[in-house]
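Sequences are here, hints too, so could you generate the full structure?
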Amino acid sequence: MSAEVLPYTIKPHPVTGLYNGKFGVWLFLASEVMLFGALFSTYIFLRIGAPETGPAAWPSGEETHLSWKIGGLNTLILILSSVTMVLAWVQFKMDNFGKGRLYLAITAILAIAFVAIKFKFEYAHKFHMDIVPSTSVFFAIYYTMTGLHALHIIGGVVVICYFIGPGAKLWDQNREYYTNRIECTGLYWHFVDLVWIFLFPILYLL
Amino acid sequence: MSDAHADVSKHVKAYIAVFATLAVLTIITVWASTWHLSHPMAIAVALAIASVKATLVAMIFMHLKWEKAGNIWFVIVLTVFFFVVLVSIPALMHSDRPLGTVFSSWG
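Those sequence lines, one after another, are chains W and G.
The end of the first sequence is residue 194 by my numbering, with every number in the run present.
The end of the second sequence is residue 618 by my numbering, with every number in the run present.
By construction, these hints were calculated from the structure, which means they are not laboratory data.
Certain hints may be false.
As the list claims (entries may be wrong) - Taking beta-carbon pairs under 7 Å as the criterion, some of the chain W residues facing chain G (in silico):
#1 His1
#2 Thr4
#3 Trp14
#4 Gly25
#5 Leu27
#6 Val71
#7 His178
#8 Leu191
#9 Leu194
Heads up, the beta-carbon is just placed ideally off N, CA and C, and yes, glycines get one too.
Here it is in C-alpha cells:
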C-alpha cells in the first residue's frame, strides 16, 4: 500500500485539527489510561481493604524485598529514554536523519536496559526467593502492574526498532510522514514513562 | 521549514530542563519516603510529586503546551474524568462498608 492512500497523514484533518495518526494515538492512549486505571483502582481497593495486622496485612517496604535503588535507577533510565525519544523527533524535524536515528537507537538501548534490569535483578531474584504472584495480594498486583508495563516497554522497543530499520525507508519517500510517525511513537513512549512515574512510588516506596 | 527549525530547536532547552526537573523530583520522592510521615501524608506527598512529574511529561514531552487543536483537550478531559471515576470506586465502597471486615474474613 502506498503512503498516498491514507488521508491526512501530514496535514491536519479539518474536523479534528490534527493529522489522523496523532488523533488515533491520543484515542488509543485514552483507552490505555482506562486499562491501567482499572489496575490502579484495583491496587487502591486491595490496599485500603487489607487488614492492619496478620498474614493478609499490606507488607512494609522491607517485607516486599523491593529495592528502591533498582526502581529509582529504572525510573532515571526511563526518563532519559523519554528525552532521547523527543530529541530524535527534533532531529528528524530539522532534517538530520542520521542524528535522529542515533537518538532512536539510544532510546531502544535504554528501553532494553530497563527490561533487562527488571527481569534479571527483580523478577529472577524474586522467583529465586520463591516470591511469585500467588505469594500474597501485594505480589499479585505487583507482578500484574509491572508485567503489563514491561510488555508495553517491549512493544515500544519493537516499534522503535522498526523505525530504525525497515520503517526508515519511508524517510526517503516522505520525510514529514516519517517524522509524524516518530511523533506518534513518542506520544506512546512518553505515556509508558508516565505510567512508571506512578508505579514507582506506589510499589517501591509507600 | 526554517520557522519549524527555529521552533523545535527552541523546544530542546525545555526538554533538557524537564529532564533535570524529573530527575530531581525522583530523588525528592525517594528522600521523602525516609521522612517517617504518617501513612496518609506519605501517600499524599508521593502522589503530589508524581502528578507534577506526569504533568511535565504530558505538557512538554507530549507537546500539549504547544497543541492548538481543541479536540485533544476534549479527549484528555474526558479521559481524566473517567480515570478519576475509576479510582474513586474503591473509596466509595470503603465509605459504604469498611473493607477491612471483608478482607479479614479471607484468613
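Checked hints:
{"no.": "1", "hint": "His1", "in the structure": "9 Å, violated"}
{"no.": "2", "hint": "Thr4", "in the structure": "5 Å, holds"}
{"no.": "3", "hint": "Trp14", "in the structure": "5 Å, holds"}
{"no.": "4", "hint": "Gly25", "in the structure": "4 Å, holds"}
{"no.": "5", "hint": "Leu27", "in the structure": "10 Å, violated"}
{"no.": "6", "hint": "Val71", "in the structure": "4 Å, holds"}
{"no.": "7", "hint": "His178", "in the structure": "4 Å, holds"}
{"no.": "8", "hint": "Leu191", "in the structure": "11 Å, violated"}
{"no.": "9", "hint": "Leu194", "in the structure": "6 Å, holds"}
Hint check: violations occur at hints 1, 5 and 8; the rest are consistent with the structure.
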